[in-house]
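Sequence lines, in order, name chains A and B. If you use the numbering used here, the first sequence corresponds to residues 1 to 140, in order. If you use the numbering used here, the second sequence corresponds to residues 1 to 393, in order.
Do not rely on the hints blindly, as some may be mistaken.
As the list claims (entries may be wrong) - Straight-line alpha carbon distances no greater than 27 Å define the calculated DSSO-like cross-link-like pairs of lysine-lysine that follow:
#1 B:205 - A:109
#2 B:213 - A:6
#3 B:213 - A:109
#4 A:6 - B:136
#5 A:131 - B:136
#6 A:43 - B:136
#7 B:136 - A:23
#8 B:45 - B:359
What the hints assert, rightly or not - Derived Cβ-Cβ restraints for the label pairs, each shown as a range:
#9 A:135 - B:109: 57 to 63 Å
#10 A:73 - B:188: 44 to 50 Å
#11 A:109 - B:109: 58 to 64 Å
#12 A:14 - B:165: 53 to 59 Å
#13 B:308 - A:4: 40 to 46 Å
#14 A:11 - B:206: 33 to 39 Å
#15 B:3 - A:5: 29 to 35 Å
No wet-lab data here; the hints were simulated from the structure. All C-beta atoms, glycine included, are put in the ideal place defined by N, C-alpha and C.
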Amino acid sequence: MSEYNKPLPLVTELSKHFYDGCKQGELLYQKCDDCGQIVFYPKELCPACMGRRLSWRKSNGKGKIYTFTVTYDAAPPEFATDVPYALALIDVDEGFRMMSNIVECDFDKLRCEMPVEVVFDQITPDIALPKFRPSEPDEQ
Amino acid sequence: MKSISGKTAIVGIGEVPTGHFPDRSFIKAAVDVCEMAITDAGIPKQDIDTVIPIGVVSNPLDNTNVICSWLVEELGLGKTAKSNFQVMSGGSSSANSLKVASALVAAGLSKAVLVVHCDRMGTGLDLSAAISMFSKASINQEYEMPYGFSQLALAGFLQQRYMYETGTTERQIASVVESLRKWAALNPNAMLRKPKTADEILQSKMISSPVRKKMMNILADGAAAFIVTSSEYARDLTDTPAYVLGIGSRCTSFTVTAQPHFDCWQPAVDGAYHMAGIGPGDIDVAEIYDAFPTFILISMELLGLCEKGKAGKFVEDGNTSPGGRLPVSTNGAMMAQGHTGAGGGMAILVEAARQIMGKAGERQVQNANIAIETASGGIGMDFHVGVLGKEGQ
Ligand SMILES: [Zn+2]
Chain A
1 MSEYNKPLPL VTELSKHFYD GCKQGELLYQ KCDDCGQIVF YPKELCPACM GRRLSWRKSN
61 GKGKIYTFTV TYDAAPPEFA TDVPYALALI DVDEGFRMMS NIVECDFDKL RCEMPVEVVF
121 DQITPDIALP KFRPSEPDEQ
Chain B
1 MKSISGKTAI VGIGEVPTGH FPDRSFIKAA VDVCEMAITD AGIPKQDIDT VIPIGVVSNP
61 LDNTNVICSW LVEELGLGKT AKSNFQVMSG GSSSANSLKV ASALVAAGLS KAVLVVHCDR
121 MGTGLDLSAA ISMFSKASIN QEYEMPYGFS QLALAGFLQQ RYMYETGTTE RQIASVVESL
181 RKWAALNPNA MLRKPKTADE ILQSKMISSP VRKKMMNILA DGAAAFIVTS SEYARDLTDT
241 PAYVLGIGSR CTSFTVTAQP HFDCWQPAVD GAYHMAGIGP GDIDVAEIYD AFPTFILISM
301 ELLGLCEKGK AGKFVEDGNT SPGGRLPVST NGAMMAQGHT GAGGGMAILV EAARQIMGKA
361 GERQVQNANI AIETASGGIG MDFHVGVLGK EGQ
């Protein structure tokens, strides 16, 4: 594996748990045991009821593109050699939204509401980044 | 909530040209706009007892110094000033400062408040540092930054979804920039004064799809100031106060991921109209915070100035351009006047006051009795709406 020069996720107590899940091939999110709120990005407090009893659940890793963009120029400096690359906000089936890259895809075929599924990109020995690819074969 | 509608007013404004001015020092531009605002108001400077210097992004030392009363000393307010403190919420600092200044005056804690912004985003910060900053500022470091997100990509996200939902065309979106350039051509303080047609804008390079190069705001040096006092005192000072009729605000999230939908900002609009006791049909001129053209279209629809999904056509038909039915962003906004950091909203707010005061020169909108202005900070973290008018309490 060549040296990875792009920004790595800031590892905190909560994000470590999330990325440990990614390393195991699991996309994790939180659910509030008190009020049932789905919580993402991972948080200390339930933003709905302020409860602290947030338990971790495993997503099925499937969702739809809410919106996307393909960056061709003026990328953050560390990503300058990666252009073009696709960014998207993905509405994951369990009811949360996350940002990621769309990979293994013809960018011209990207569209809002397109079904996608998670794949894990092991960027360093410690970090696997969840990314998404089209989940319907004819769109890959 | 007890309304402050009509109880305060903007009585003086100042602004220097926006652009690339490597030889114009920070302090010169800052002091110049303060002096202009004081002269414009005709206010004895000892009545200014509060100074609010909005945050400086390009140089942390300048920022620290304005927090520590640099301008109080330069303006010779040291024997009369009570407070010097910062309001900082990125692009919405203007709106939050107007709110704080009005509240201080209405509560009797301040006689007159000077709000000032100065920054050197065009020449005080090199381009790579600026790109790097806008790929990190207000972006989540745990779950977003590793993907190469930036504020430009945000513009791509917004435009893509907006086009998907409304069927608005790229050409209609480009026509927003065309309209802004027409206004900027009439504004001696604007940076990009050369007209550009929608077709020319569509020919520019794709940056972060579907956003093209000429749909982007441009970083610039700039400075502006305004003075807020009570409506009672305003009438003694000037024949042309811009009364603060309504203020509405909504702060939603740090990350774009947590913004449910464009409609999340609607309460800010409703709040401002409610306080002012008016509706969209009463608006004579709209000064809308931009950064990117789609944000103007979304805002026009939130403000009720167009039906949902119809703003693009409205702009393409020329309604928002000089001579149009509803002038929008008559200074050219950040896409033509220039993006001065936290001052983007400041220029918009000052232009709204200028139109109400009847001081907009060649671009003066006839019978501008009520103006609406908006501002937003971060990655759409908040949305603010202000209503200014010629008649106060
Ligand atoms: Zn809860």
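Here is how each hint holds up against the structure:
For a cut-off of 27 Å, the pair hint linking residue 205 of chain B to residue 109 of chain A stands: about 20 Å separates their Cα positions. Proximity of residue 213 of chain B to residue 6 of chain A is assessed by CA-CA distance (about 25 Å); at most 27 Å being required, the pair is judged to hold. For the given pair, residue 213 of chain B sits about 22 Å from residue 109 of chain A by alpha-carbon distance, which is consistent with the 27 Å threshold. Proposed proximity of residue 6 of chain A and residue 136 of chain B is supported: the alpha carbons are some 13 Å apart, at most 27 Å.
Proximity of residue 131 of chain A to residue 136 of chain B is assessed by CA-CA distance (about 20 Å); at most 27 Å being required, the pair is judged to hold. For a cut-off of 27 Å, the pair hint linking residue 43 of chain A to residue 136 of chain B stands: about 21 Å separates their Cα positions. A threshold of 27 Å between alpha carbons decides the hint, and for residue 136 of chain B with residue 23 of chain A the separation of about 25 Å falls inside it, so the pair holds. With a CA separation close to 22 Å, the supplied pair residue 45 of chain B and residue 359 of chain B stays within the 27 Å bound.
Look at residue 135 of chain A against residue 109 of chain B: about 59 Å separates their beta carbons, and that is inside 57 to 63 Å. At about 32 Å, the CB distance of residue 73 of chain A to residue 188 of chain B disagrees with the hint of 44 to 50 Å. Hint check: residue 109 of chain A to residue 109 of chain B, Cβ distance near 59 Å, so the stated range 58 to 64 Å holds. One distance hint, 53 to 59 Å for the beta-carbon pair residue 14 of chain A and residue 165 of chain B, is violated here, with the actual separation near 33 Å.
Taken as a hint, the range 40 to 46 Å holds for the pair residue 308 of chain B and residue 4 of chain A, whose Cβ atoms sit roughly 44 Å apart. The given range of 33 to 39 Å is respected by residue 11 of chain A and residue 206 of chain B, whose C-beta atoms sit roughly 35 Å from each other. With their beta carbons about 55 Å apart, residue 3 of chain B and residue 5 of chain A fall outside the hinted range of 29 to 35 Å.
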